[in-house]
Structures are given as structure tokens and as C-alpha cells.
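What follows is each chain in one-letter form.
Protein chains: 2
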Amino acid sequence: MDFHRLYTEKKTRIEDTLKTLIDSYRSYPPTIFKAMEYSLFAGGKRLRPVLLISAHQLVGGNLEESLAMACGMEMIHTYSLIHDDLPAMDDDALRRGIPTNHKVFGEGLAILAGDALLNLAFEVILKNALKYPNNLENHVKAGFIIATAAGVEGMIGVQVVDLEYEGKLPEPDTVEYIHSHKTGALIEASLKAGVVLEGVDEKTEKAISQYGKRLGMAFQITDDILDIKGDISKLGKNLGRDKVKEKATFPAVYGLEKSQNMARELIEQAVDDLNQFGKSADFLREMARFVINRQG
Amino acid sequence: MDFHRLYTEKKTRIEDTLKTLIDSYRSYPPTIFKAMEYSLFAGGKRLRPVLLISAHQLVGGNLEESLAMACGMEMIHTYSLIHDDLPAMDDDALRRGIPTNHKVFGEGLAILAGDALLNLAFEVILKNALKYPNNLENHVKAGFIIATAAGVEGMIGVQVVDLEYEGKLPEPDTVEYIHSHKTGALIEASLKAGVVLEGVDEKTEKAISQYGKRLGMAFQITDDILDIKGDISKLGKNLGRDKVKEKATFPAVYGLEKSQNMARELIEQAVDDLNQFGKSADFLREMARFVINRQG
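Order-wise, the sequence lines are chains A and B.
Residue 148 in my numbering sits at position 148 of the first sequence, and the numbers go up by one each step.
Residue 250 in my numbering sits at position 250 of the second sequence, and the numbers go up by one each step.
Be careful, since some hints might not be right.
Treat identical chains as interchangeable: a pair holds within one or across any two.
[Claimed, not checked] With a cut-off of at most 27 Å between alpha-carbon atoms, the simulated DSSO-like pairs for lysine-lysine come out as follows:
id, residue 1, residue 2
1, 34, 258
2, 203, 213
3, 141, 127
4, 258, 141
5, 258, 19
6, 45, 213
7, 103, 247
8, 34, 247
9, 237, 203
Derived from the structure by calculation, the hints contain no laboratory data.
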């Protein structure tokens, strides 16, 4: 299996669908679409939507049915980055190698562009659900999984804790909470939504969830490590921001080497979580390795 | 029919459900819930959820089935107020007689509380939908109507135009666009979602939509008039803010008297839109009169 070719194929499919979706919703006024598209097409890895469609395909799903939901997930991820970068939050000037949304469009429009992307995610998910009347319940279930992960019990909850813990010495428990929920919430939800959309037994859902939890945690630890020793040209954002803001990160608590070992261990376990799926899960196995070996 | 008693009954039912819902989602960390509840329970009119359950009941719906969706609508309305009041947007210090969300919790938490309420609205709508497997399609359709009205084609779109037109001389077309979409979008969507939830013919949906469009426009014109000659103690927000910010309002374009006549005319037409429903629509007829005669 040529992992990188397959990843690029999936990514291209996601990006084409994102473009089609945005065009189909395009309306007055143009400014808000400019701001939304600026961040939505700033060249991310599309990790979450690729995971969603891959999990869906793993259990026999038809790609066409999960693409819109995967794009909804990417819109939620993008909105969270726009709001996270705001002066009142992380106050970041650079993201994916270009100025952050509010630096280009101003704070007011950046807030609204984020709101619009979050809202559009649910418009897209609900509209797509109506195209599948025979599988409507699974669409609503998967949509609910995504909404829960994006909300106070998931991503937003951790953004609050993250904000509150800036400048305080983080306890290991808090760091684990932050890391398991931060990127973890959306990564796990992408995988879970993918399999739930097709309707699977509890054992399968649990295995995919477990894989997602470990993948998400390893991803976040790697993110923190890259913030210390990454390459700014590959990373596309300023380095050392966590330290400046005294963020509660794994390296801050455990040191760099132990954090790296923890990420590697998590990835080995994540690969094992996929045992029941045999060869068809090879893409997700490679994905786990990709997540900690990435440079950006 | 005792309109005010009935209104209070419906309002109380909405507020009780809001409390139950928030409690059922309550999770770590407590700060975000404090910020969400601060604005959610600051004593609004609950106009949109009352309209939603009333439209649902008008076409034979069972109150229990629409309550959660109505609360979702109120969460969306509340999030839009929190974000609208932010320094980067309208920069308001007072709302419903108390300091605005960011004045109490800071900008970062206010942004997140707004995000959380928008997201929670869809969590609540999707979860409630799953309780009605035999009526799932109507729940998804109604949810999509709400999402569309709250998004770029509706409320967010108009917030952008509102922001762009500050300080510019408004043309009548722009003012009409702003007014028909501003509060109009969510008011119309509340009514439409209410009847769609029960499943109605096109003629009924159209009549309710038309009523909603006119009610929403009259509501917004009244809002603008109250901003000029209202009573701050009843209104709970500072007066004259539209003028200071050179907002594109009806009174700014047509003057006070003509605006008042327009609102009155719209309400007469809105009452006529309900002709097909007979006596069962008396509450909504009274509601139309209430909307322009209110003082706060």
C-alpha cells in the first residue's frame, strides 16, 4: 500500500468537496466567504476528515455518503483554530505559514467567520442526512457524536481549561485531561462517526474509539514536541509559543525524551487496537505512524 | 384568551426545560457553564422558543416533542447576543439590565461561551431527534431550517453587513435586507421549524413563513424605535447606541413616524396571514400585537 499516494487522494477528494459545498452555500455578503475560505483553504493536513472517511470505508461504507460529514468536521476544526488564534485567546499571528484570520480580516469578521463555519458544519451534516432517508438514524447518531466532541464536554471544555491554566504549573492530571480532549476529542469523534454512520456492533465501535483516543493523544504530544524542536518552515507557525504562554504541555511536565517515548508507546498500542480488522486497516495503521513522524 | 397568562406559562416551561437541559450537559470545567448560564438566564422574553412551540401546537404538535428544539433556538439567540456585544463587534456594556458577558467573564471566555451555546443547540436538537425515530425526518428538516437561518444566509450574513455598514449612509435596500434577516431570520425559522416538525402541507408552511417574515421585520423596526425613545429601565440596555454607531436602521432612513406606521402595517398583515387557522391562532395574533406594543 502506497500510504502517501492514498492519503493525497483522500485529501484531494475532501478539498474538492469542501469547495463544492462552500460554492453551494455561497450567498451575500462576499466578505464572510472570503474570511471563511481564507482559513478553510490554508492547506491543512485534513487529518480529521481523512480519518472519518477512512473509518467509514473500513467498515464497508460508501465514500459518497460520508464526504459531506467529513467536510463538516474540517469546518469545525477550522473554526476552532480561527477562534483559538484570537487576541483574547492564544493571540497568535501565524498559522499554516500565513497570517492568522483576524490579522487579515480584523477581529470582528474573524469571530463571525468562525461562527459561520461551526454553523455551516451542522447545515452540511443535516442536509446530507436528508439525502439518506434509509440511513437517517445513523446520520443523526454520527452528527450527535461530532457535536458532543466539539462542545463543552470535548473541545470547548478543554479550550477553557487551557485558558485558565496559562501561567500556572500544570499537574499531570490536568495535562492528561487537556491532551486527551484537545485534539483528541475531534480525532476520536471523526473515527467514531465514520463507523457509526455505517452502523456497527459495540465491539467495533469500541476498538475504533480506543484507536482514536491513543492516536489523538500521540498527535497532541507530537504537536507539543514540534512546538519546541520543530522546523518553522515545515510547521507554518511560530515556535516556542507554548513556553511563552506557559501552556500545560506534556514536555513541560515530563520533559522531551519521556514525552517522545510516551507518544511512541501510544502509537504501538493504537496499531494493536486495529487487530480485528486485518489488512483492511493498513491505511489507519500507517496513519498512526505518520502522526508521530510528521514534521508539520 | 388571557394572552399574558398563556405567554408566561409557555415562557416558564421553556425556562424549566433550559435548566434541565443545561444540568444534563453540565461537565468540567464549571467556569464555562457559569458564563453560559449568566447570559442564558438573564431574563429574556423567550420570544423565539415561545413562537416555535406555539406554531408546533397550532398544527397539532405535542409540546413535549418541540421543547428541546425551542431551547436550542434560544441558545442560538443567546450566543448571537454574546458575540454581538463583544468589543470587536457592537462593543456593548449593558444587556438586559446587567453587564454584558465579556464585561463579567472576559473576552476569551465570552467567545467560548457563545461557541458553546451554538454547539450545544445542535447537540440538543440532534439528541432530541433520536427520541422520535418515527418522526426523525421532520426533526432533521426542522433542524436544517434553524441551522440555515442562523448561518451565513441568515443571521450571520446580516451581522457581517451590519458591521460593514457602520458609519455609512444606509440605502433603503440595505436597511430592508438587514431588517428582514436580522431578528427576522430566527423568528421566521422558529415558526417554520415548529410546523415542519409536525409535517404540514406547503400552503400552511407558506402562511406561517409569511407571518414570521412580517413579525420579524416589525419586531426589528420596534427595536430600532425603542433604541431612540425607549425607557432604559424597561429595555435593560443603553439607548441611542444605533445612532452613535451610525447603524443602518429604519428610523435613520425613514424617520420615526413613518417607521412606526410601517411596523403597524406589517403587524396587520401578519394577523391576516393567520386567517386559515381560525381561532386556534389567537395566541399568535396577540403575539403580533405584543411585539410592537412592547416597552422592552
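Right, here's what the structure says about each hint:
{"no.": "1", "hint": "34 - 258", "verdict": "neither (43 Å within a copy, 37 Å between copies)"}
{"no.": "2", "hint": "203 - 213", "verdict": "within (15 Å within a copy, 50 Å between copies)"}
{"no.": "3", "hint": "141 - 127", "verdict": "both (14 Å within a copy, 8 Å between copies)"}
{"no.": "4", "hint": "258 - 141", "verdict": "neither (38 Å within a copy, 50 Å between copies)"}
{"no.": "5", "hint": "258 - 19", "verdict": "neither (41 Å within a copy, 45 Å between copies)"}
{"no.": "6", "hint": "45 - 213", "verdict": "within (19 Å within a copy, 42 Å between copies)"}
{"no.": "7", "hint": "103 - 247", "verdict": "both (23 Å within a copy, 25 Å between copies)"}
{"no.": "8", "hint": "34 - 247", "verdict": "between (32 Å within a copy, 23 Å between copies)"}
{"no.": "9", "hint": "237 - 203", "verdict": "neither (39 Å within a copy, 54 Å between copies)"}
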